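Undergrad: Start from chain C and add chain A according to the hints.
2 protein chains.
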Amino acid sequence: MTAPIYLGVVGVGGVGTAFLNQLARLPNAPQLILLARSTQTLLAPTPAYSPAIPAADWKTAVDTPALTKKGALSADEIASYLAAAPGRAILVDNTSDPQLAGQYPVFLRQGISIVTPNKKGFSSDLALWKEIFAAAAQGNALVYHESTVGAGLPVLSTLRDLVATGDEVTRIEGVFSGTLSFLFNTFAPVGGAGGGKWSEVVAQAKELGYTEPDLRDDLNGMDVARKLTILARIAGLDVQAPDAFPIESLIPAELAGLPASADGVAQFMARLPEFDGQMAEIKERAEKAGKVVRYVGSVDVATKEVRVGLQQFNKDSAIAGLKGSDNIISFYTRRYGSNPLIVQGAGAGGDVTAMGVTADLIKVMQRLH
Amino acid sequence: MTAPIYLGVVGVGGVGTAFLNQLARLPNAPQLILLARSTQTLLAPTPAYSPAIPAADWKTAVDTPALTKKGALSADEIASYLAAAPGRAILVDNTSDPQLAGQYPVFLRQGISIVTPNKKGFSSDLALWKEIFAAAAQGNALVYHESTVGAGLPVLSTLRDLVATGDEVTRIEGVFSGTLSFLFNTFAPVGGAGGGKWSEVVAQAKELGYTEPDLRDDLNGMDVARKLTILARIAGLDVQAPDAFPIESLIPAELAGLPASADGVAQFMARLPEFDGQMAEIKERAEKAGKVVRYVGSVDVATKEVRVGLQQFNKDSAIAGLKGSDNIISFYTRRYGSNPLIVQGAGAGGDVTAMGVTADLIKVMQRLH
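Sequences listed follow chains C and A, in order.
Straight run, no breaks: the first sequence in this note's numbering ends on number 369.
Straight run, no breaks: the second sequence in this note's numbering ends on number 1369.
Next up, chain C with everything else stripped away, as it sits in the complex (with noise of 0.2 Å):
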């Protein structure tokens, strides 16, 4: 009775392939009918955009002579592709490619609607931002990222819930890196004791896999900053960029400069423990003012301050008592007063981050119909 609507995926990594497994299980999914890896697109045939391929069998997808085999295709290619076929389409961007970010107004333009977990379009440079949206309003395309921010937890439809019913958002705060969840978590235990060295803390960190592969990826605060300027900017503050606003670093300035490479991180692990007392002094003076010390972002509203790094906590706050690898946001707004509105738990990972893409990529179907 509805129209059809037609999927493109780009990326079958963690997210994407729990994001693959959770599609071939959607009642009334839409057409998957490009498929594209790093080297390889697999594709629906044209003109009729049909056989589509089997979301749950993409796999072997490969050797089914019915579908189209192509190298790699450019953002120009796909988007000509997409926007050809018989019927609405979606791109669902599974990579974290800045590149491919920075083409989703090509996409939107020609009313290819976006879903993705991807942060780089959204928290580079504010132009970019400005203009995906300018390009959804003229292709009448959609754009949903819920992923960007807390994976599937709802942290941005709950703020733009909020700024489209007209309150007003004064302050977000909280934890917002699983990785620096569980290392203050662990380093700094609101039961005091215990806890372990800092520099343990980190390799126990990387050995349970709970690091980007190269750990400084998360210790430099790059992530969070990129959160933190998708939240100011929904919130209607103009962030320039995910570096125009204070970051503190957990890279000690002395080593700041080792390569970028698996070596560098082997010598970068084998120094942290030189600055283990450093970090014990930072988790010894927050418990001398009765605290914790937690890595956290805030964006506040009023005096349009963004900052990302250390800050203590009282020990019965909500951030303070955080468990595991969990974030937790709070909105402070004028309808909900002193407490905030808070939502918490797993922020990382394939399944839930796929779910927040599966959630966004049903709610643009019902928006298309």
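Since the hints were derived computationally from the structure, they do not count as laboratory data.
For lysine-lysine, the following PhoX-like pairs were computed, each having C-alpha atoms within a straight-line distance of at most 25 Å:
hint, chain 1, residue 1, chain 2, residue 2
1, A, Lys1291, C, Lys315
2, A, Lys1288, C, Lys315
3, C, Lys206, C, Lys283
4, A, Lys1315, C, Lys323
5, A, Lys1315, C, Lys283
6, C, Lys323, C, Lys206
7, C, Lys315, A, Lys1323
8, A, Lys1283, C, Lys315
9, A, Lys1283, A, Lys1323
10, C, Lys197, C, Lys283
11, C, Lys323, A, Lys1323
12, C, Lys291, A, Lys1323
13, C, Lys291, C, Lys315
14, C, Lys288, C, Lys315
15, A, Lys1283, A, Lys1206
16, A, Lys1323, A, Lys1291
17, C, Lys291, A, Lys1291
18, C, Lys288, A, Lys1315
19, C, Lys291, A, Lys1315
20, C, Lys315, A, Lys1315
21, C, Lys323, A, Lys1291
22, C, Lys323, C, Lys291
Fair warning: this is a prediction, and the values are worked out from it, not measured in the lab.
TA: Just chain A, lined up with the frame of chain C:
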């Protein structure tokens, strides 16, 4: 460019008034063509359905000769009027009227979407719940009722996203009543000492305006039971009625027979101190176990168990740490693992309840175009 959407609003109490204020400030607001209070209905004149009622000045609009004034209309009459409007129509029910809720299928079958904080339609007999969603499908209309649980907090939208994307919700647990949250956070604070006698805390809540006019409507647990019924049904359980599971009432059996009048309330308050000893015992029993007592609701999806009543919680749990009259809702799911997805904040009050209604209205408008 898009066809106008027509809006009928019933109820101008606390939530209704707050909603109309939010509606008045909404960009691209729908045309308000019907505003009904208990004894009077204001309408945009037929057949033009124009001029619309000014949401900002609805109190004085009754004196506008250009608008039609009538007495109370039946649900059938309201539905006929809205269905004949020259575009898609939405009914916002800001009452808590079970009669009107029972008529939702009449509206939905005629293509009129429903947005409401009224719990009655979704928490009464299972047959009505099923009829509502069948009628919506039949009439190609939408039903949004976020504010029926946790007011403007993103509770139902989150649960629906979890279910729709294929997560397996195993357990839902939380504090669902602002009144009961305040009573137990005050009576049995995590700090232990203080708190005062149960009857004093109840009297304090009444004086602060935190209770229903007849505070026994809070203490009997039925409001919480209705919310649990809604959550359990969205999670997939066929709960027959809001009293089809164990509900622990905080009204002592000896006082259950008091009349449902203002005099009954006065007698209840006068005799409540007789039961302070019982409540102190419950509190002390928890203390001895190193815990605190809270009034919670829970849905165990696997065992299909729904229950509402007192339960002990560890002092470092999120439920124990709740402040003021906040609600907290924890979703335990397969994807989220041992740490639940948590939503927390004010779960009552005109402004935040209306915010949930307005946010739903925006979503319905986006889907209707």
